[in-house]
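S.K.: As given, the protein sequences belong to chains A and B, one line each in that order. When we follow the numbering used here, the leftmost residue of the first sequence carries the number 1, and every step to the right adds one. When we follow the numbering used here, the leftmost residue of the second sequence carries the number 691, and every step to the right adds one.
Hints listed in this document are in silico derivations from the structure and should not be mistaken for laboratory results. One or more of the hints may lead you astray.
Claimed, not checked - Taking lysine to any residue pairs in the SDA-like style, the calculated list, with each CA pair at most 20 angstroms apart, reads:
#: 1; chain 1: A; residue 1: Lys-207; chain 2: B; residue 2: Val-786
#: 2; chain 1: A; residue 1: Lys-381; chain 2: A; residue 2: Asn-195
#: 3; chain 1: B; residue 1: Lys-869; chain 2: A; residue 2: Ile-193
#: 4; chain 1: A; residue 1: Lys-207; chain 2: B; residue 2: Lys-797
#: 5; chain 1: B; residue 1: Lys-865; chain 2: A; residue 2: Lys-145
#: 6; chain 1: A; residue 1: Lys-207; chain 2: B; residue 2: Glu-978
#: 7; chain 1: B; residue 1: Lys-743; chain 2: B; residue 2: Thr-801
#: 8; chain 1: B; residue 1: Lys-928; chain 2: A; residue 2: Asn-502
#: 9; chain 1: B; residue 1: Lys-918; chain 2: A; residue 2: Glu-536
#: 10; chain 1: B; residue 1: Lys-797; chain 2: A; residue 2: Asn-502
#: 11; chain 1: B; residue 1: Lys-869; chain 2: A; residue 2: Phe-186
#: 12; chain 1: A; residue 1: Lys-145; chain 2: A; residue 2: Lys-207
#: 13; chain 1: A; residue 1: Lys-361; chain 2: A; residue 2: Ile-373
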Amino acid sequence: MEEKNEEETITQNPFAGFNASLMNDEDIIKFWIQPHILFGKQAYGIDLTGSIPVVLMGGRGTGKTMLLRFMSNDVQIKNHISRNRDVKKFLKKAKYIGVYYRFDGTSMASFSNRYVSEVAWETLFKHYFELIIGQKYIMMLFNLKKEECIVLNPEQEQKLVVQLLNIIDPNTKIEVNENSCLEHIFNLIQKKINNVFEFVNNSALSKNVQFEDYILNSGDLIFGMPTIIQNFIQEIQGKNIIILLDEYENLRELQQKIINTLIKHTRLPVSFRIGTRINGFKTFDTLNQGEFLMVDADYRIIQFEDILLAKDKEFRKLLKKIARRKLELIPSFKNSNIIDINNILGHINPEEEAMIVVFGKIMEKQEIEKYSIDKYILEAKHINEIIKIVKKNNPKQSELILRQIIYPQNPLIEMLNLLLLKRDYKIEEVIKLFKTYTIGKKTNIDFKKYNDLYNKNKLGLLYQLISLNKPKQKLYAGFDVFCMLSSGIMRNFLELCYQCFNTALFSETDELFGKGRISFSAQTEGAKIRSTRVYEDTIDRIPEYGNEIKSLVRSLGAIYSAWQMDARLSEPELTYFCVDKTSLSEEARKVLDSAVRWSALQQKKSMKGKSPGEPLLDVYALNRILAPYFEISYRLRGRIGRFTKNDIESMMFGSDSEKQRVVTKLGREPVFEEKITLIDFLVRGDRSED
Amino acid sequence: MTDLRINGLIDHAENARKYLKNADIFMGSISSEERFDRGWIISTDNGIRIKKKIIYYFNEVLKASHDRSAEERRFDTTFQLTEQDKKLYVDIYNEVEGLTAFKDCIKDDLTKFHDKKILLDFSVMIKPYFFLLLKYLSTIPLKELYLLYTEPSLYDEFTRGTISGKDVPGYSGAKDPTKKDALILLLGFEGDRALEVLNEVSPNLTIPVNGFPAYRPVFKDRSILENKILLEEEDIFKNLRFAPANDPFETKKVLEDIYSEFRNEYNISVAPLGTKPMALGSCLFALEHSECRIIYPYPMEYLPKSSLGWGNTWIYVMKFLNDI
């Protein structure tokens, strides 16, 4: 039996299954890595365990649910026990006790129909939410009691039950006896919740359905129960009771107003942690007219993607730790000591990749020295492009000139020389700059100039080199690149790993278990699968403005790809755009908000426009995970000039011909003739068919 | 939570007269799908006498036609409508409005309604429509109900645009917070919709049910292929079950088996994404187990013609054994 298990784990992908919503408590503990970035001072001094409400904002897969579930009392106690600590000391050490609740979107929508007035739905939802959290408190007590963190003798429990019943339903007659236990309260609340659902279900059938139960007001249980509980149970006194609410974006606007009001007027020891997508707040208003939630005054905010990206090094460390935890759980990886994802994925720089494109492999210096220059000049496609220009400018001495600007040790340098020629640099000047650089005269001003040009453009030049060598494709490989493609979203990184491990486990087991490496091509294949799925599945399924977002993303992909092939490479690695959001129609603003909520676009810090006097513009970057799909850069380098209202709205809502017109206007014509035209790209819309 | 039990049988619609000679009400709906009138034609061709017809005239279908009044006349002629019959003008994605219109239509007969024989053709209704109608008819309580369903010959284009998962009105169930969540996905030909529901619910356990045997060999395994991404998840694939695509009662039985196995540990939600007969099975199941929830991914955009031609027409005879 043991042998069979061992055999089974050999092919098990360490990165399979990691959605925190689907994990049990034990898995949450097993895969939990303390994100110091969030708990440390870097998160702008926000105390996640303190009394001020905190909003955790981030795209799908950024780790919000993992964090909220980890903070729940169920997981905290189990985590305490798993570290062989004395369970009785759990509450002594705990600063807070968390109760977790996830808003299920499909159910929240059912608290509305035309048979019942909005006022009645408001009353019913307030009542329902009190019951839900009240029941969570009782479950918290069950949990603490079961694990012997608290001791309640029957007499105490009876008294507690009497007081709780008094606020849950004062109309209930109370007889204090041996049945007056917490289970009684739990069942009573469940009965009341069932009453709510019976009303919800029947309200779809008839307008005459009556709700006959004692109606709770906002805060009755949410703030009332912790006060009573703390009075009775000494061990809980002084602890913050943190209500951890996940997927806030699933609530209707009215429902958010109800909870916003509770957050605004929270009463200690209760505090809130709200997990939501970016732009998941449909409103910041409360139920009181003119009152709304104010950041810093009423709550603090942590933007996951911003923090994770801003603290790039920390993010990498976190991803490495998470990957290590997953790899260590699979014996075949652990026993072979293949647990460092940095080593498994390795690293490839643009110069090495350029060699693979031109020579088919990374060449050592000695190998290049032995390589026939004549053969190189004849076969290398980018050299052919240089020859065309040189011959045109100086047909008699073209051979001589050519030999002065070729550099097989690094084809990207040759590509830079080609670029300079295309930018109308004189041949003599190119030769001078190039020679100064290759000789390595670092103090010379020409060295600095050439070096700056090289560093600014080398990745852009690599894309152009690859386009000359089709069907060769850009590699999206290496730990650093995977971190960048993740765009601050942990699930992206884990999915990238999952996909490339799938390929490696299927066709590269010798390399994986022999050398502890996954080939760059397998990594690229994995990256393309993930990228395509995000484009074709995730963006397709966005419920609000999914079609418009897909249309915008497709147009952006076409524009960025076209700029990459710009003959003069005037803006290398274009991946973001600026727009004055206030100038857009309400519908267009909603499309942008939804695109950010679903992480198709990521909003960056506003910046000044390129022309003097322009106002601060809103900046949006295409999620880097889409880079492999469009074969564009994953770095946040270049931006296009400001998009106008017409440009962006045509890309969202326009007819096919309007989209084509805008894309042609905003894009650049390709530098090499064999490259597909922008129109082809748009019409085809699907590069996976390449 | 209720004492409702539903028994039923399935037969070819051509044999409908074995079960029903006269129907008090025939309910149907208009559509651009060619199969919309097959149940009506077969019933009348086989000599079933119908006293009154109530037909849903979906606004979206009429709007999609080039000549609305000509199209409406064509539907009137098809169903041989007379003055005593009723046309209910309703929106296709507003099942609550559909039910209200139906209730208004029968309010005068309501006292004796439980004895009525109703023949309901649900072939071209969207699923939440007949879910809500059946829920209402089960509360009257009706003794018997006769349902007609015509298979398509081919599916043309499916839903277009984005979708939003919601509880079907009247089927929100009642959740026990001490239990985990299980989602039963009746697989259809649109993998995106299954993934959408899966994301909305985030269940601890997912059980896919494939429609097998399919209506016709040409549909065999198509739902498996269309749900490839979902079924690539080992934890989901290992739970795969099967129910005949055209048999609601067998589907209900499969759901009952799953329910018996998991009810103690899980809150059960069902997403009827497969064929309409399978969806009917899940509806009957949820009527008997009102704590279970039905989720439906509502498309944002209506497609007037999602199927071509027609195949078999079935009659489902249902008896409500209601102790209320």
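S.K.: All hints are to be evaluated individually against the structure, with a verdict given for each.
M.R.: Consistency of the hints with the structure:
As the CA atoms of Lys-207 (chain A) and Val-786 (chain B) are separated by approximately 11 angstroms, the hinted pair is consistent with the 20 angstroms bound. Taken as a hint, the Lys-381 (chain A) and Asn-195 (chain A) pair is broken in the structure, with Cα atoms around 75 angstroms apart against an allowance of 20 angstroms. The straight-line distance between the Cα atoms of Lys-869 (chain B) and Ile-193 (chain A) is roughly 15 angstroms, inside the 20 angstroms bound, and the hint therefore holds. As the CA atoms of Lys-207 (chain A) and Lys-797 (chain B) are separated by approximately 14 angstroms, the hinted pair is consistent with the 20 angstroms bound.
Proposed proximity of Lys-865 (chain B) and Lys-145 (chain A) is contradicted: the alpha carbons are some 24 angstroms apart, above 20 angstroms. Of the supplied pair hints, the one linking Lys-207 (chain A) and Glu-978 (chain B) is violated, its CA atoms being roughly 23 angstroms apart against a limit of 20 angstroms. As the CA atoms of Lys-743 (chain B) and Thr-801 (chain B) are separated by approximately 19 angstroms, the hinted pair is consistent with the 20 angstroms bound. Restraint check: the Cα-Cα separation between Lys-928 (chain B) and Asn-502 (chain A) comes to about 19 angstroms, which is no more than 20 angstroms; the hinted pair holds.
Taking the CA atoms of Lys-918 (chain B) and Glu-536 (chain A), the gap is about 14 angstroms. The hint holds against a cut of 20 angstroms. Between Lys-797 (chain B) and Asn-502 (chain A) the alpha-carbon distance is near 61 angstroms, which puts this suggested pair outside the 20 angstroms criterion. Between Lys-869 (chain B) and Phe-186 (chain A) the alpha-carbon distance is near 14 angstroms, which keeps this suggested pair within the 20 angstroms criterion. At most 20 angstroms may separate the alpha-carbon atoms for a hinted pair to count; Lys-145 (chain A) and Lys-207 (chain A) exceed this at roughly 44 angstroms.
Distance restraint check for Lys-361 (chain A) and Ile-373 (chain A): the Cα-Cα separation of roughly 17 angstroms lies within the 20 angstroms cut-off, and the hinted pair is therefore satisfied.
In summary, the structure is inconsistent with hints 2, 5, 6, 10 and 12 from the numbered list given earlier, while agreeing with the others.
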